[in-house]
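If you read the protein sequences in the order shown, they are chains X and P.
Residue numbers for the first sequence follow my numbering, beginning at 1 and rising by one.
Residue numbers for the second sequence follow my numbering, beginning at 1 and rising by one.
The set of hints was computed from the structure by calculation and includes no laboratory data.
In this text, all values refer to a predicted model and were calculated from it rather than measured experimentally.
Check each hint, because a few of them may be wrong.
[Claimed, not checked] The calculated DSS-like cross-link candidates involving lysine-lysine, where the alpha carbons are at most 27 Å apart (straight line), are:
hint, chain 1, residue 1, chain 2, residue 2
1, X, K96, X, K70
2, X, K73, P, K83
3, X, K70, P, K42
[To be verified] Per the computed footprint, the stretches of chain X lying under chain P, defined by three or more beta-carbons under 8 Å from a beta-carbon of chain P, are:
hint, stretch
4, 11 to 23
5, 101 to 110
[To be verified] One side of the interface only, derived from the structure: several residues of chain X facing chain P at Cβ under 8 Å:
hint, residue
6, S42
7, F64
8, H97
A virtual CB, placed ideally from N, CA and C, is assigned to each residue, including glycine.
Spelled out, the chains give:
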Amino acid sequence: AQTVTQSQPEMSVQEAETVTLSCTYDTSENNYYLFWYKQPPSRQMILVIRQEAYKQQNATENRFSVNFQKAAKSFSLKISDSQLGDTAMYFCAFMKHVGGAQKLVFGQGTRLTINP
Amino acid sequence: EPEVTQTPSHQVTQMGQEVILRCVPISNHLYFYWYRQILGQKVEFLVSFYNNEISEKSEIFDDQFSVERPDGSNFTLKIRSTKLEDSAMYFCASRLSGGGTEAFFGQGTRLTVV
C-alpha cells in the first residue's frame, strides 16, 4: 500500500517570501502521479500542481513549482512570492498509474499561514 | 466552469438515522469518488465508482455505506445507521478519464451525528 507523509503540520511565512512544503511517499510502483491540493477555509479541495513520475522535468504552475526526487521518493512544493490568498491547508497526494478508477492517497496536510 | 456540486452543505442527524449525501459530478466525467475528512485529519478514500459499479472501497466503507448513481447525473452516498464517529466532512469527486487526470472536488458536506 502507498503512504504519503507530510512532516510539517504547520508553517508560517511573511507575504512575498518563498516557502517550501515537504512531502515524502512510499510505493513499489514505478509509474504514478503526484499532486498538491490546496484546501482554503472554504474547505473545497483545489488542485495546485501535478507531476507525472515518468517525467524528469519538475512541474511548474506560475508561482508554484515542485522538486520531484524519484529515487528519494520526495515531492516538495515551492511557493514563490507568497500571497495572503495562499493561506490554506496543503495536501500532498499519490495516485497509481495503472487502471482507471485510481484513488488519491493523501498526506496529513500542512497548514500554511501567510502573514501580512 | 463546470463544477462538482454537493448538497446539503451541512447536515445534522441523530445517531442511528439514515442519511443520504448527494453529489452532481461534472457531466461528462466517468469516474466518481467519495472521500471523508474527520475534523483536523487527513482526507481518506471511501469508494470509487465506474461504469455503474463500485471499483474499489476502503475498509471504512462497510455494510453501513452504499453508493448509487440512480439517474445518470446524481451520485449519492448513503449511510444506513449513522454513528457518532461518522461525523466528518464528506467530499465527492469526479474525473474525466483514467490515467493521472485531475480529480475535481465538490465543496463538501459537513455531517454531524449527535
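The hints, checked one at a time:
1. X:K96 x X:K70: Distance of about 14 Å is within 27 Å: holds.
2. X:K73 x P:K83: Not OK: X:K73 and P:K83 at ~38 Å, beyond 27 Å, violated.
3. X:K70 x P:K42: holds, 23 Å
4. 11 to 23: Per the Cβ count (0), the hint is violated.
5. 101 to 110: Contact hint for the stretch 101 to 110 of chain X vs chain P: holds, 9 residues under 8 Å.
6. S42: It holds, given that the least Cβ distance between X:S42 and chain P is near 7 Å, below 8 Å.
7. F64: The hint is violated - X:F64 has no Cβ within 8 Å of chain P, the shortest such distance being about 15 Å.
8. H97: Since the shortest Cβ distance to chain P is 7 Å, the answer is holds.
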